[in-house]
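Use the sequences and the hints to build the structure in full.
2 protein chains.
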Amino acid sequence: MNNFTYYNPTKIEFGKEKENNIGEYLAQAGIKKVLLHYGTGSIKKNGLYEKIIISLNKSNIEFKELSGVVSNPLLSKVNEGISLSKENNIEAILAVGGGSVADSAKAIAAGAKYDGDVWDFFINKAEILEALPVFTVMTLSATASEMNGNSVIINENTKQKYSIASVLINPLISVINPELMATVSKEYLAYSAVDVISHCIEVYFTASTHPNFNSAIVESIIKTIMQTTEILLENPNDYDARAEFAWAAIQGLNGLTPAGTEGGNFPNHMIEHSLSALYNVAHGAGLAVVIPAWMKYYKEQNQAQFKRFAKEIFNSDDADVGIEKLESWFSKIGAPTTLKELNITRDGIKELATNANATANVWGMSELYSKETIIEILEKA
Amino acid sequence: MNNFTYYNPTKIEFGKEKENNIGEYLAQAGIKKVLLHYGTGSIKKNGLYEKIIISLNKSNIEFKELSGVVSNPLLSKVNEGISLSKENNIEAILAVGGGSVADSAKAIAAGAKYDGDVWDFFINKAEILEALPVFTVMTLSATASEMNGNSVIINENTKQKYSIASVLINPLISVINPELMATVSKEYLAYSAVDVISHCIEVYFTASTHPNFNSAIVESIIKTIMQTTEILLENPNDYDARAEFAWAAIQGLNGLTPAGTEGGNFPNHMIEHSLSALYNVAHGAGLAVVIPAWMKYYKEQNQAQFKRFAKEIFNSDDADVGIEKLESWFSKIGAPTTLKELNITRDGIKELATNANATANVWGMSELYSKETIIEILEKA
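Those protein sequences? They're chains U and S, same order as listed.
To convert, take the position in the first sequence, counting from 1, and add 657; that gives the working numbering.
To convert, take the position in the second sequence, counting from 1, and add 657; that gives the working numbering.
In short, the hints are calculated from the structure, not lab data.
For glycine and all other residues, C-beta sits at the position ideal for the given N, C-alpha and C.
Honestly, I wouldn't trust all of these hints.
Not everything, but these chain S residues come out facing chain U in the computed CB check (under 7 Å) [said to hold, decoys possible]: (1) I711; (2) L713; (3) Y771; (4) E901.
Each computed SDA-like pair below joins lysine to any residue, with the alpha-carbon atoms no more than 20 Å apart [said to hold, decoys possible]: (5) K880/S <-> N869/U; (6) K880/S <-> E969/U; (7) K880/S <-> T866/U; (8) K880/U <-> K968/S; (9) K968/U <-> A873/S; (10) K880/U <-> Q962/S; (11) K689/U <-> K782/U; (12) K673/U <-> G920/S; (13) K880/S <-> I970/U; (14) K880/U <-> S988/U; (15) K880/U <-> L913/S.
The following residues of chain U were derived to be distant from chain S, with all beta-carbon distances above 10 Å [claimed, not checked]: (16) K668; (17) N703; (18) N714; (19) A783; (20) N814; (21) Q884; (22) D897; (23) K989; (24) I990; (25) G991; (26) E1008.
As C-alpha cells, this is what we get:
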C-alpha cells in the first residue's frame, strides 16, 4: 500500500425531503447571501425551484440567480457567475442540478476569490488558495461531484475540456434526495451508470498496486450500479434502488477507492473529454465508446487485474469475456459502444487524438498516451 | 434506504514516516501548545516518543505530558488531563498510542471546554457543544477511534463503561503508519481483529434495512481483516497486510457501513462493556466470547442476513455453519470464546447481566435486552 492522505470534509444530507432544509443548512453555516446556480429550467417545471426558494426565504437567505448551465458546462457561464458573485458580495454558491451544475458552481467558487482568469487554475498556471463555500442539491447522480473537489469545464474558445481539483471546492454540504433523481431519462441513467463504472475502473486497472480491499470496494460499487441500473430501467420509481445507486456513485469518486493504490490515471476520461469538447457528446455516452476500446488496448499491461474483473463482475475466468460482457452490458442499457453510433467517422479520429494528446500533456500522461497510441485505441472503437 | 447524515471531517495521513510530520500538521492548524497524551511507556522504548518530540520541537510546538493511559481507559486519568489542559491553556490534545489513548484524549478534549463534570456527557446529562481539537498518532489499529467521534471510558467509582459520540471530538488529523503497529503482540492482534469484526456485524445483523451495497462493504472489511490477520500472525512485518488491516479497520467504524441502514444497535458491545468494567477483560477478548453467544441467540431474528453472512464469508448455505466457523476462527487466531477461558464462573453471570442492563438503559436498548435476556445470552458463552 502506498502512502496517502484521505480528507473529505463534505457533509452529506441524504434522503427524502432534505432539500427543504437547504436554507437552514446555509444559515447554520453563517451564510446570508448565495448565488443560486442551476441548469436549463427543469427544476422550475418539477417544483424543486419553488421548494428551494421557500426554504431560502424561510431562513432569510438572500439570493441572486444564474441559470443556463448545460451538460459539459462552459467557461463563459463560469465567468458570468464569477462576475455576478464579485459584484454582489455573494458568500456561497448553491448548485441545484446535476454534476455539470455542481462543477460550474465549484469553478465559480474558486474564481470569485481570485483576481486573475479562472482558466489559470485549469492549465496549472495558478493554484486555488481560497474559494467561496459550495452547497449542492443534486438532481442527478453520476459524477460524485457532490462529494469531491473536482470540476470539469469546457473552454469554448480553445475547445479544451480541462479539470481542477482542490478540497477547497469540495461542497460544504450536499443534499442527496434520490426522489429528485427519479425523472432522469433512461438514456441519461445509462450514461450515468457508465460514468460511475468508469470512475471505478480507471484506478482499478491503471494503478501500480492493487490492495485487495480497494479492489473489493470497487467491485461492490460496480455490482451495485449494475444491479440498480437494471432495476431502475424497469421501474424508475424504485426508491431503494435509486438511493443505492446514488450512494454507490458517490463512493466511486470521493477518494475512497484510490486510497493507498498510488492513484493510477484516467485515460478513458482523458480521451472522452475530447469527444465532449469536439462533438458535444454526453460524457457517459463518450465513455461507453472509449472504455471497451481502451480495455482491449490495455489488458496486456495488467492481466491479473483484468482476470480478477472478469471473475468478480461476470463470474468468468477469461479476461476477454469480462471486456466483452461489459461492452454488451453497455449496449443492453442503451449506451453507444462505437464511434459510428456517435456519428463520428474515421476521418475524425486524427483530430480527436490531437486534442486528447493535448489533455495528456496537461495531465502529465503524454509519455503513456502519444497521439499514435490514442489513434490505436480509437481505431478499436 | 433510510435518511442519513454522513459527515467525517477527519484527515487521515496514512503511511510510512508520517509521524515525523506531526509538528508540522499541528503548526499548520495554528496550534502552539498541546497535551501529549500516551500510555504506559512503550512509545519510549520503541523510539516513537523521541520522534514525536523532535517533530514538535522542530515546529516550535510547546507541550505538557500526561502518560499512563491503560487499555479500558479510566475516568480518573481523563479528569487529570482536563485539569492539566485548563491550567496550562492547552490548545489541542495529541494522542500517541492505540484506541484507548485516542478515546481518553477525546474525553479530555470535550471536558477541557466544559465547566461541569465530564461524566455528564457519558450519562446523557449534558451535550458536547465545544471541544479542543484532537490529533492522533496511532500505534494500534482496531477501534477506528482515529476516524470517528466516539470515546469509551470506564468510571472506576461506579463500575460503568460508557461512551460519548460527537463529531466535535473527531480527530482533526490522524497519522496512521502501519510500521508503528508491527510490534503488537499476537494476542492483541487477534483481539483487534475481533473488535473490527464486531463493529461490522453489529449493524449488519441488527439494522432493520440491509442495502446490498452496505452489506457488500461490510463483507469486504471482514474478509480483509481475516485474510490480513492470518498473514500477520505468520509474518508480523508484512507491511501491506498491516496497512490493509489498518485501513479496513478504519472503514469498519467511521460512519460508512451504517449509512442508510437506520443504524441498528450494538448489543455485543453493550454486554462486553460489562466484562471489561467488572473483570478488566481486554475489549476484543470479551467480544470474542460474547459474539458467538449473541449470534446463536439472535439468529432467528434475521435469518436472511445470517444466511448471507455464512455464504459470503464462509461460502456455506447454512447460517449455523457461519456462526460456528466464526467461533472456530476466533479460537484459531487465539481469542477466547467462552466465559470459562476468562475465568468467569456461572455465579458471575447475574452481576454481569445487571451491569449490562444498566448500559442498555443508557443506550435506549432496555426493551430489547432485559436482564433475563442478557443472562440467556451469557449462558450460551
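Check each numbered hint from earlier against the structure, then list the numbers of those it violates in ascending order.
1, 2, 3, 11, 16, 21, 22
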